[in-house]
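Given chain A, work out where chain B should sit, using these hints.
Chains as they are written, first to last, in my numbering: chain A, 11 to 195; chain B, 11 to 195.
Just so you know, these hints were derived from the structure itself, not from any lab.
Just so you know, nobody snuck in bad clues.
Which copy is meant is left open, because identical chains are indistinguishable; a pair holds if it fits in one copy or across any two.
Listed below are the simulated DSBU-like cross-link pairs for lysine-lysine, each with C-alpha atoms no more than 30 Å apart in a straight line:
id, residue 1, residue 2
1, Lys25, Lys110
2, Lys110, Lys59
3, Lys25, Lys59
A quick note: this is a predicted structure, and the numbers were derived from the prediction, not measured.
Number of protein chains: 2
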Amino acid sequence: MASNSRERILRSAAKLFSTQGYHATGLNQVISEGGAPKGSLYFHFPGGKEELAAQAIALSGSELDTEFAQVLHDAPTPGEGIARVLGLLGTRLAESGFTKGCPVATTALDAASTSEPIRQACNDAFFDWQHTLTEHLTAHGRPDADTLSTVVLAAVEGALLLARTRRDLAPLTAVAAHLRTTLDG
Amino acid sequence: MASNSRERILRSAAKLFSTQGYHATGLNQVISEGGAPKGSLYFHFPGGKEELAAQAIALSGSELDTEFAQVLHDAPTPGEGIARVLGLLGTRLAESGFTKGCPVATTALDAASTSEPIRQACNDAFFDWQHTLTEHLTAHGRPDADTLSTVVLAAVEGALLLARTRRDLAPLTAVAAHLRTTLDG
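This is chain A alone, in the form it adopts within the complex (with noise of 0.2 Å):
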């Protein structure tokens, strides 16, 4: 079986969980959104759906990764990478009718007490995201960026859940003013 009829159920199962969360999500939508043989799924997950959730939080969370990274370091200030991150996740979320928030925290809420590999998978997103906001805050001289990087990840990750549920980037704004004011001085 073609090695794209993997990637195309991990992208279909990405999008799904991300949106929907861990139970509302049947392995016939994901392969009838993915447009894959029904049989490949379990070819190349023989863990069913526990594994292929495990290993779409890992990619929807590595790449989002990336992309944070790559805004933090184009941006003059901290302050300023992060509210260009909160930018950036405010227009997917309108765009998509209020649809993608983090594309971690629903399965991480509606999953992780109840498999233990879905909960290790959303924690590295979580660790990795911010691991890449602490190294960012060591380069600029923060000597509490442990500390403010978990701050900077709950304050993301609330105001993303609260704008999705109120329809409205309200919250998203308030945090990026917060923020800026908080890293910048």
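Leaving out everything else, chain B in the frame of chain A:
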């Protein structure tokens, strides 16, 4: 049918929706854990699972709002008040084996995009908590109370998500320290 069968169903639903979300929660589980007669669910909640979820979210939201208001009122400063709220949420999370985080967030992420009554109930709960915070900050003379309460709620929600996924209270501690400095100077 006794009105306490309604209460039992609602409490069982509130617990299940808050820990595992909307889609993982079946009505049979709500009934069996609530110890209510099977026929009583549609008698009390003719709108079925969707109505039950909206009312369970409303109950959880309003109980937590009352608790927040009391803790904030009893604290000497707003920063100390928020730190105590985070302490309380952290104790509850750890004592539940990291399953009881925010009682609204899981359902907000896994069902609010597809059900307007559920989205509204989640949004109302977030609004009430933020309103309680805004009033408290205004009473303490903060002219930026509305923006600040958005930031506080986002940071608390994000910290609960990270702590639950990490199975570690460190994100709550980091956010409490940051908000104490932000609010009390």
